[in-house]
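Number of protein chains: 10
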Amino acid sequence: MLFLLELSTEFPPTMPGGDKSDLMARELARGRELAEAGVIRTIHRLPGRLANIAIWSAPGPDELHELVTSLPAWPYMKVCVRALATHVLAERCAGQVSDE
Amino acid sequence: MLFLLELSTEFPPTMPGGDKSDLMARELARGRELAEAGVIRTIHRLPGRLANIAIWSAPGPDELHELVTSLPAWPYMKVCVRALATHVLAERCAGQVSDE
Amino acid sequence: MLFLLELSTEFPPTMPGGDKSDLMARELARGRELAEAGVIRTIHRLPGRLANIAIWSAPGPDELHELVTSLPAWPYMKVCVRALATHVLAERCAGQVSDE
Amino acid sequence: MLFLLELSTEFPPTMPGGDKSDLMARELARGRELAEAGVIRTIHRLPGRLANIAIWSAPGPDELHELVTSLPAWPYMKVCVRALATHVLAERCAGQVSDE
Amino acid sequence: MLFLLELSTEFPPTMPGGDKSDLMARELARGRELAEAGVIRTIHRLPGRLANIAIWSAPGPDELHELVTSLPAWPYMKVCVRALATHVLAERCAGQVSDE
Amino acid sequence: MLFLLELSTEFPPTMPGGDKSDLMARELARGRELAEAGVIRTIHRLPGRLANIAIWSAPGPDELHELVTSLPAWPYMKVCVRALATHVLAERCAGQVSDE
Amino acid sequence: MLFLLELSTEFPPTMPGGDKSDLMARELARGRELAEAGVIRTIHRLPGRLANIAIWSAPGPDELHELVTSLPAWPYMKVCVRALATHVLAERCAGQVSDE
Amino acid sequence: MLFLLELSTEFPPTMPGGDKSDLMARELARGRELAEAGVIRTIHRLPGRLANIAIWSAPGPDELHELVTSLPAWPYMKVCVRALATHVLAERCAGQVSDE
Amino acid sequence: MLFLLELSTEFPPTMPGGDKSDLMARELARGRELAEAGVIRTIHRLPGRLANIAIWSAPGPDELHELVTSLPAWPYMKVCVRALATHVLAERCAGQVSDE
Amino acid sequence: MLFLLELSTEFPPTMPGGDKSDLMARELARGRELAEAGVIRTIHRLPGRLANIAIWSAPGPDELHELVTSLPAWPYMKVCVRALATHVLAERCAGQVSDE
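In order, the protein sequence lines correspond to chains A, B, C, D, E, F, G, H, I and J. In the numbering used here, each residue's number is its place in the first sequence (first place is 1) plus 9. In the numbering used here, each residue's number is its place in the second sequence (first place is 1) plus 9. In the numbering used here, each residue's number is its place in the third sequence (first place is 1) plus 9. In the numbering used here, each residue's number is its place in the fourth sequence (first place is 1) plus 9. In the numbering used here, each residue's number is its place in the fifth sequence (first place is 1) plus 9. In the numbering used here, each residue's number is its place in the sixth sequence (first place is 1) plus 9. In the numbering used here, each residue's number is its place in the seventh sequence (first place is 1) plus 9. In the numbering used here, each residue's number is its place in the eighth sequence (first place is 1) plus 9. In the numbering used here, each residue's number is its place in the ninth sequence (first place is 1) plus 9. In the numbering used here, each residue's number is its place in the tenth sequence (first place is 1) plus 9.
What the hints contain is simulated information worked out from the structure, not anything from laboratory work. A virtual CB, placed ideally from N, CA and C, is assigned to each residue, including glycine. Take the hints with a grain of salt, since some may be wrong.
Just so you have them, the derived chain H footprint on chain I, three or more residues with Cβ under 8 Å [claimed, not checked]:
| hint | segment |
| --- | --- |
| 1 | 23-32 |
| 2 | 92-102 |
Label pairs and their computed distance ranges (CB to CB) [unchecked claim]:
| hint | chain 1 | residue 1 | chain 2 | residue 2 | range |
| --- | --- | --- | --- | --- | --- |
| 3 | I | Asp71 | H | Cys89 | 19 to 29 Å |
| 4 | G | Thr23 | B | Gly26 | 17 to 27 Å |
| 5 | C | Leu37 | B | Gly27 | 19 to 29 Å |
Please build the complete structure, drawing on both the sequences and the hints.
What follows is the structure, encoded as structure tokens:
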């Protein structure tokens, strides 16, 4: 099943610089795992902001929740989730993002 | 270049049923052309609504404007456009939607 | 899979009274079918408004879309859909709405 | 009487990790009591967020207020309450959440 | 049980003047009945607008729904309902609006 | 003159528990004075939230400002003020809140 | 007593041109009466829009309601009303708008 | 040239009481200068809130910016600025706020 | 003086096609006049929408109002106006839009 | 390619004055570089606020992201980005901001 996720991150201004770069390194590592495992199917940055928009694949909402909250920076994220259904034009799109 | 488009359609309640089905048939035909031409790269329906979310590819904003407004139902659409940038995780995503 | 749906209906002021009562009768009949088929698991009215909030069960977003748009009054509805995940307290709730 | 509650929690970034896990443990324990007492009738997680949506049963708004504010994490919650009325389809829903 | 209701009315611009004044006369008559029956406990106009804010008394949300939708102008109203609980200062207010 | 006030309080998470309970005690004492003086005519809690909705009486906006800002917790409040006018149904309401 | 009013007018697209100019002429005439009577104390146009922002003087909200709704174009207006209190700097302003 | 400004101030909860009263004293002094210099033409308090609405006069937006940011409490203000144009009724208003 | 204007146009669905194309032709002609007269200094389309964002030059808000409302499609436009001040970086921008 | 950017900055109230002025000096220096390099084509201040609106030129969204995030104060900015397309009136505007 596919979900459109918009994640934007806002670090508290009091977070020490070292903690922040450490957190971002762990965030990147976990992101790689999710991408390579086929969970994050496609991802793009919203330019100028610490935010991305991506299509995630998960068997269902429960697994999606586990996966999203496994991101180390999740406590600092605003998360918007929308379930996606099949569009009639999908089969005509060569690059269609799918679950399979 | 890639853009995330969210299109939702609302027909005026006074539109005769025949005009509406004719318009939707032409809309579908034009949508197929755009998908097969590689303009609409991936598209999903937002379930329960006459709305979709898709990634469009166009050389730039000018061409995007021409393409979106070529949709027969465009006068009845609310359109939200966001330019997309490359995310660092993109190269790890097997199904990454790209411009190429 | 479960979804929380908030449906609110607004008829165009120009709709003749007869068309409206006919539509509402068909809406009620279809609603009964969906309830009896186990699609609408629980439903409540938002008092004072032509609106309800309900938990729908469907195999996934595609089927949900078919089911919601099968409502005769759907063209006049504003629809908000949210996918639901399992909460850790669910197993403690005697009346928990589930998919099974 | 039934109420639809949407609770989302946001901990202050300065809260020490130990305080947070202690608070969440107490929150879970109190949640279990409310579920087992039949106050929380059905509850689901909004995936990807520290938020839930649930139907609470209470004799009236006064008792509801006591019950909600008995949650240890309540000071960190954004709370949305809506009273629920009976929908005509309710008696057709096998899993209908009720007060009784 | 008490509810705070904010009702604002917007007539469609195409409604003939005669229909409108007839509707408003029936609306006023029904409003008087509800006030005299103790349903509308206190009501004030929001100055400059076709809108009011009032405290309604009803045994519960079901009865409230019946009462609100009995207003002839209800189809043209935007309705906001909020359940009210007892405040600790209530017993100190000489003019406190109550259910009894 | 009457005003509808919606007051919601949010304490900073860093406020020590002792300061908070002291502040709330003083807030309650001042609230009692205002209720007993006939300033707060009727007040209700919005269930589940640290918020109330009340009708205040004051000779005019200047005096209202003095009275509201005399609340010890005012610096932590979000305040919404609306002037109230007489509604044609008011004289039919047995419990009508008035200025006199 | 003084009120800040923001009035914006939107005519229905189906209103015949003649009706519209007739209405605007009557609106202007009534506006002049209100200005000359000292009700509208100061008024400015919000440039580029059919909207104005003005300070109205009225003995209280009841009279204000009568005055605003005496505008012929009132049924097509969106109205925002805010009561105004005295600011400590007012006596230092040579052009201060006052009630007297 | 005239501008309508709505200024609302929110002090950080961590600001020491002494700093706050010092800041407010300097704010008042600067406000007096601006009023006496004819910059702030008319000003009113929004009752119940630390906010005001005023008409400022400045040769243009550049000078307005200098004047607003000269307020000592400006870093803690939310500022809304709207340019004002002449309304046709202005010449009929005895108390019309003008630039001259 | 410079203003940032965002204009979006929405034609009523009942407008006959011929009236619409006639209106758009007149709109274009008037737009050309304003551009060539130096009123519209720079203008861009918001892609996918019948909307533009432009910097207008006018001696002041009064003249701006005359100029904007001279657009034949103005009655169908939503208009957002913001006055612009000089930024410290402006003199470093080779393409800076100015009033002169 | 051109983008309309609206940047507003909000410093945390706990930031020491020295850090803040140092940051603003570095911000100004970087802004100058971007202006002189032709990245920031035109920029204006929104009067009364720590905010600007500017047209940026970048080969595409990726480069734009690099450029915006190179601003030292970026972590404290709220950023709104909109891609711009060519308007039919552009060639008539003497001061048209372009990419070339």
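Q. Can you list which hints this structure breaks, lowest number first?
A. 1
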